[in-house]
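**Student:** For the sequence shown, numbering that gives the first Met the number 0 begins at 0 and goes up steadily by one.
Simulated from the structure, these hints should not be mistaken for lab results. Quantities reported herein were computed from a predicted structural model and do not represent experimental measurements. Among the hints, erroneous ones may be present.
Quick list of simulated restraints, FRET-style, between CB atoms [said to hold, decoys possible]:
#, residue 1, residue 2, range
1, C146, D175, 55 to 61 Å
2, G172, T120, 51 to 57 Å
3, M198, S133, 38 to 44 Å
4, D175, S133, 37 to 43 Å
5, V200, V144, 17 to 23 Å
6, S201, Y173, 39 to 45 Å
7, R136, E193, 35 to 41 Å
8, G151, A189, 24 to 30 Å
9, T120, A177, 47 to 53 Å
10, S179, S133, 33 to 39 Å
11, F139, G172, 27 to 33 Å
12, E193, G134, 39 to 45 Å
By construction, the Cβ of each residue, glycine as well, lies at the ideal position given by its N, Cα and C atoms.
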Amino acid sequence: MIGDEDETPVDIALERRKVDEKVLGILREEASREIEARRKETPEALETQPDLGLGASAAIANLIAEESKATEDGASHPARLRGEPQQAETVREGSRRDLLPDIDEINSTLTSTSDRPSDETPEEVFERVTRHRSGFRFGFSLILVVCATLIGVYSFADTIANNVPSLRPALAGYVDWANSVRLWFDGLIAKGVEALSRMIVSISGSN
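The task is simple: from the sequences and hints, build the whole structure.
**Tutor:** Following this line, the structure appears as structure tokens:
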């Protein structure tokens, strides 16, 4: 039993080949004896029976050819009897999988990145939004206060200069600068109104 378990598929194939060769030898001898016996019969029998000998020879030849082909396949591919082709195919599939990107890993990475929960709590989010809004309101309010202060100083420059004579030169320079800016804005607005009027006239004339 131990010897039978230690036999490999290759050993079994070789033993089978030896047995088949013995059987083929016996068949060849029987066919040869049958052909010789038929040749010794009457000429009439030789004329009517040659096909039988040829048929037996053809059958033996086919059997020998099939057995030789099976033997060559077993000898040239001993690894196939050991189950190695399946292992090689598994290795090739593993190599192909190594060459291609892991779709599951990519999907898990994308999912973990896109669905990753924020580290901020709702209170922190509310505080951040409130702080952003407060900063915007503070900046806008500061601009309004500065503009109102500049307008107030420009409007009450004479009163402030009379109450604080030391500020008169500075206030005079500021008023001159404010007048130049106001004139520039007036000219810019006048040009814009003139361009708009021309556009309206051209549109009306084309209609």
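**Student:** All the hints need checking, so say for each whether the structure fits it.
**Tutor:** Checked hints:
Checking the proposed 55 to 61 Å range against C146 and D175 shows it is violated: the Cβ atoms sit about 19 Å from each other. Distance hint for G172 and T120: a CB-CB separation of about 55 Å, consistent with the stated range 51 to 57 Å. A hinted range of 38 to 44 Å for the beta carbons of M198 and S133 is consistent with their spacing of about 43 Å. At about 38 Å, the beta-carbon gap between D175 and S133 stays in the expected band of 37 to 43 Å.
In this structure the supplied range 17 to 23 Å is violated for V200 paired with V144, their Cβ-Cβ distance being about 42 Å. Taken as a hint, the range 39 to 45 Å holds for the pair S201 and Y173, whose Cβ atoms sit roughly 42 Å apart. Look at R136 against E193: about 38 Å separates their beta carbons, and that is inside 35 to 41 Å. Roughly 26 Å separates the CB atoms of G151 and A189, a value that falls within the hinted 24 to 30 Å.
Separation of T120 from A177 is about 50 Å and conforms to the stated range, judged on CB atoms against 47 to 53 Å. Range check, S179 to S133: Cβ separation about 36 Å, and the 33 to 39 Å hint holds. A hinted range of 27 to 33 Å for the beta carbons of F139 and G172 is consistent with their spacing of about 29 Å. Between E193 and G134, the C-beta spacing of about 40 Å keeps the proposed range 39 to 45 Å intact.
Checked against the numbered hints above, the structure breaks hints 1 and 5 and satisfies the rest.
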